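Participant: Using the hints provided, position chain B relative to the given structure of chain A.
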Amino acid sequence: MTTDTKTPEGAPPEGAPPRMSAPPSQKRRSWTGLWFVLPFTAVYALFLVWPTLLGLYYSFTDKSLTGRPVEWIGLDNWAETLGDERAWDALWNTAVFTLYSTPPLVILAIVLALLVNRARRMGWFLRMAFFAPFVIPVSVVTMIWIWMYQPDGGLINHYLQMLGFQSAETPTLWLQDEGRAMWSVVVTTVWWTIGFNFLLFLAALQTIPKDVYEASSIDGAGSWRQLRHITLPLLKRTTALVIVLQLIASLRIFDQMYLMTAGGPNRATEVAIHYIYIAGFEGYRIGYASALSYVLFVLILIVSIVQFRLFSRKED
Amino acid sequence: MTALQEKPRTAGPGERPTVKRRRKKVTAGTALVYFAAFALALLWLLPLLWALSTSLKTETEASLGQDIHWIPREWSLEGYKVLFERGDHLDWMINSTVVSTIVTVLTLVLCVLAAYGFSRFEFPGKKIVFGAIIAGLMVPPQALIIPLFDIVTTLNLADTYWGLALPQVVAPVMVFILKRFFDAVPRDYEEAAKLDGAGHFRVLWSVIVPLSGPIMAAVGIFTFIGSWNNFLWPLLIATDPSMMTLPVGLGVVAGGYGLFYAQNMAAAVLGALPLLIVFLIFQKQIVKGVAGVGLK
Chain A
1 MTTDTKTPEG APPEGAPPRM SAPPSQKRRS WTGLWFVLPF TAVYALFLVW PTLLGLYYSF
61 TDKSLTGRPV EWIGLDNWAE TLGDERAWDA LWNTAVFTLY STPPLVILAI VLALLVNRAR
121 RMGWFLRMAF FAPFVIPVSV VTMIWIWMYQ PDGGLINHYL QMLGFQSAET PTLWLQDEGR
181 AMWSVVVTTV WWTIGFNFLL FLAALQTIPK DVYEASSIDG AGSWRQLRHI TLPLLKRTTA
241 LVIVLQLIAS LRIFDQMYLM TAGGPNRATE VAIHYIYIAG FEGYRIGYAS ALSYVLFVLI
301 LIVSIVQFRL FSRKED
Chain B
317 MTALQEKPRT AGPGERPTVK RRRKKVTAGT ALVYFAAFAL ALLWLLPLLW ALSTSLKTET
377 EASLGQDIHW IPREWSLEGY KVLFERGDHL DWMINSTVVS TIVTVLTLVL CVLAAYGFSR
437 FEFPGKKIVF GAIIAGLMVP PQALIIPLFD IVTTLNLADT YWGLALPQVV APVMVFILKR
497 FFDAVPRDYE EAAKLDGAGH FRVLWSVIVP LSGPIMAAVG IFTFIGSWNN FLWPLLIATD
557 PSMMTLPVGL GVVAGGYGLF YAQNMAAAVL GALPLLIVFL IFQKQIVKGV AGVGLK
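Chain order of the listed sequences is A and B. Residue 127 in my numbering sits at position 127 of the first sequence, with consecutive numbering throughout. Going from the second sequence to my numbering is simple: count from 1 and add 316.
Hint data in this document are derived by calculation from the structure and do not stem from the laboratory. One thing to keep in mind: the hints can contain errors.
Here's a subset of chain B near chain A, in silico, CB distances under 8 Å, partners left out [as the list claims (entries may be wrong)]:
#1 Leu-365
#2 Phe-434
#3 Leu-482
#4 Asn-545
#5 Leu-592
Result set (DSSO-like, lysine-lysine): computed pairs, CA atoms no more than 30 Å apart in a straight line [unchecked claim]:
#6 B:Lys-510 to A:Lys-236
#7 A:Lys-210 to B:Lys-600
#8 A:Lys-210 to B:Lys-604
#9 B:Lys-510 to B:Lys-443
#10 B:Lys-510 to B:Lys-442
#11 A:Lys-236 to A:Lys-210
#12 A:Lys-236 to B:Lys-604
As the structure is a prediction and not an experimental result, all values here were calculated from the model. For every residue, glycine included, the Cβ atom is placed at its ideal position computed from N, Cα and C.
Extracted from the complex, chain A is given alone in its bound form (with noise of 0.2 Å):
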């Protein structure tokens, strides 16, 4: 989506009409085109550098939600947050659920496309099928899966008892357990989200002409050398764009968790983001909450500019 930084309109050199316009008349510099772009702008600005703007400013005071006056402060924030522990705790639940939900959100959904790209017959069904979790909103997912993982009637343990991987007199506790709490929201997310990427690896091997494969066959390949020497290759800049696009989602990780446990058992599932809301909102300390996002956003920043660099890259 965010390929095309480079095109000329990007940065022209002053003066010089870019590439793309046709006859010069009708480029020609006015306040015209000010107009178009104005109130995109302002809501833009309103709502997006603003706030981007107001937060650092923040971070650097004591603003409270309660409204009493705010004082600046410096970077005692800033100090703050490197000595805060539940923040870096938080931190790194976020990275941790990013490390689990990302694996299995890339490889699955090459399978599933690799899968659905051969079974045309029943494309529309699977396509339908992956992809339809994805448009449900969030809580209704949350509150499917809670009720599957009920330790005790839920769906998932039943199963579980009636194949003998657990008996009826200790059930498996999912969401309530340190330990498999995470996992639990990784399969949750998985489900829920897996849609989207199987829906770009499937473009993207829906792209490959037929021909390569049957000038391959015809050279003596089977399916497998096929998959491995053919295939995979020809998925490469799909994946790049997938695990960043994947990562950048799971850091920003936080409605499932505040859904399902509440950060719990014992935070052991308290992300950033679900952090920097009691930070603000329970806390009313809007000054170090900001703090705490700029940490995030700079982390954030720093997968997108991987992403930009993949992005330009590729269009050579």
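Facilitator: Here is chain B on its own, set in the frame of chain A:
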């Protein structure tokens, strides 16, 4: 590769001109592929089917401690009936519809205007404004919730439709997508319209917009889905239960229904339904839209 591309790509799945000797192997493999794909698809649908099944049971039949069975012994709409009597589910649905519609319409109007401006005009400050919007692509909205909340409450927009909607309208990526599309539209069409005396807005409205149907549909559908499913922002800004959107209402209020699982799952099914219907209607555009992300 290039020499082989004369053959139309629309060749059906069945016609593979492989040597006969290999044919049997391919068929066995294909059967396995179909089986695996079907089994996984079924697994993926199970949670939704289980929610539907639970929602159609009576509260006693659905409750914990009962044995697990998929077909209700006694079909019941009790769960749905209770929901409609409570009424808040309907409120949330209306709120979500209003907010998502405002967000979608405003996003389309503002982004189309901006994209056209950037695509067709030179004006003082263009470089700076466009650069600022590029930079915005890298700002995660979740990291702005604290100052944004402050701004929106200062404007007295908490618990209002505008407070819910306006911050979601800022979508630099949509400006990009549309601008890239407009850049590719030949200028000749506009020249003709201009010779007929049409102004800039007329040209945009009657020449460019009609040419942009599919891309605008994609932008519109994705904006709508994104806004409908947004959770964090409405959670912060709508504290009055009657102003909550569907995801927040379901998450915050309905979570407190406690042990009424039939009712709970009825709420889940009703909550999933609107966008599932949208998805089924616009499946083609949505699939194409996602594909477009990867294929630039």
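Participant: It remains to establish, for every hint, whether it holds in the given structure.
Facilitator: Now for the hints, and whether the structure bears them out:
{"no.": "1", "hint": "Leu-365", "verdict": "10 Å, violated"}
{"no.": "2", "hint": "Phe-434", "verdict": "6 Å, holds"}
{"no.": "3", "hint": "Leu-482", "verdict": "6 Å, holds"}
{"no.": "4", "hint": "Asn-545", "verdict": "5 Å, holds"}
{"no.": "5", "hint": "Leu-592", "verdict": "6 Å, holds"}
{"no.": "6", "hint": "B:Lys-510 to A:Lys-236", "verdict": "46 Å, violated"}
{"no.": "7", "hint": "A:Lys-210 to B:Lys-600", "verdict": "22 Å, holds"}
{"no.": "8", "hint": "A:Lys-210 to B:Lys-604", "verdict": "20 Å, holds"}
{"no.": "9", "hint": "B:Lys-510 to B:Lys-443", "verdict": "26 Å, holds"}
{"no.": "10", "hint": "B:Lys-510 to B:Lys-442", "verdict": "24 Å, holds"}
{"no.": "11", "hint": "A:Lys-236 to A:Lys-210", "verdict": "18 Å, holds"}
{"no.": "12", "hint": "A:Lys-236 to B:Lys-604", "verdict": "20 Å, holds"}
Checked against the numbered hints given earlier, this structure breaks hints 1, 6; the rest are met.
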